[in-house]
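Asks: Sequence:
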Amino acid sequence: MLNKFLKLFSKLLSTLYQASPEGGKVVKVYSGWRALKWLPAKVLFPFFPYSLSPAERSAREALFLVSELPTPQLLSFGRGFLVREYLEGKVLGPDGRAVAEALWRAHSRCWALGDAKFDNFLVKDGELYYIDGEQATRTCDPLKQGVDLVEAAFFLMLFGGCEQVKRLLESYPGREQKRAFLLPTGVLLTLPCIHVIVKELIREGDKN
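Throughout, our numbering is defined as the position within the sequence shown, counted from one, plus 29.
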């Protein structure tokens, strides 16, 4: 039953907006019904400001693309659509260490991504780029940033196993954010790897 729920949640979050590369550009259309993929996340993480509005999601992504983080160039945007540069590169695989570095880079600059699946990061010429920011939010709140960690661990668990979850936690330096794993939602989504997570949290506590 748990495995069926986890796979369903993964499928919902992986159902993307319309995106099509056209002559070096990516045109993204944020339709309303596709926003339903965010309902499970909105229910499971009520304290994270997930948006279902196409207009707000496009505005959030536009703001994220002009941030100090390495992202594709923003070309134009409007209510419910966005055009950005198309980057040729390799989408990141289920690599816990690389995901941890990407998350910490964003979190240390007061960003929470809201969608931390590993394939939302792309590597081009050795540089990591953030290629999805429709739920990105400016915040230094460790609990909201901790949602990114739980989401990242969830997808790493499904596609890379508990070893990649372990690497994520070992490589991510933020301690406050890791407390999100102690929330009921954090426990539920990562239950198959809970032994790895608890061990890492205990190890962190022993450092004090």
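Be careful, since some hints might not be right.
As the list claims (entries may be wrong) - With a straight-line Cα cutoff of 20 Å, these simulated EDC-like cross-link-like pairs (lysine to aspartate or glutamate) come out:
1. K153 to D124
2. K228 to E205
3. K195 to D154
4. K195 to E233
Hints are computed from structural coordinates only; laboratory data are not their basis.
Asks: Evaluate each hint against the coordinates.
Replies: Against the structure, the hints:
As the CA atoms of K153 and D124 are separated by approximately 16 Å, the hinted pair is consistent with the 20 Å bound. As the CA atoms of K228 and E205 are separated by approximately 16 Å, the hinted pair is consistent with the 20 Å bound. Between K195 and D154, the direct Cα distance comes to roughly 27 Å. Violation of the 20 Å bound is thereby established for this hinted pair. Proximity of K195 to E233 is assessed by CA-CA distance (about 13 Å); at most 20 Å being required, the pair is judged to hold.
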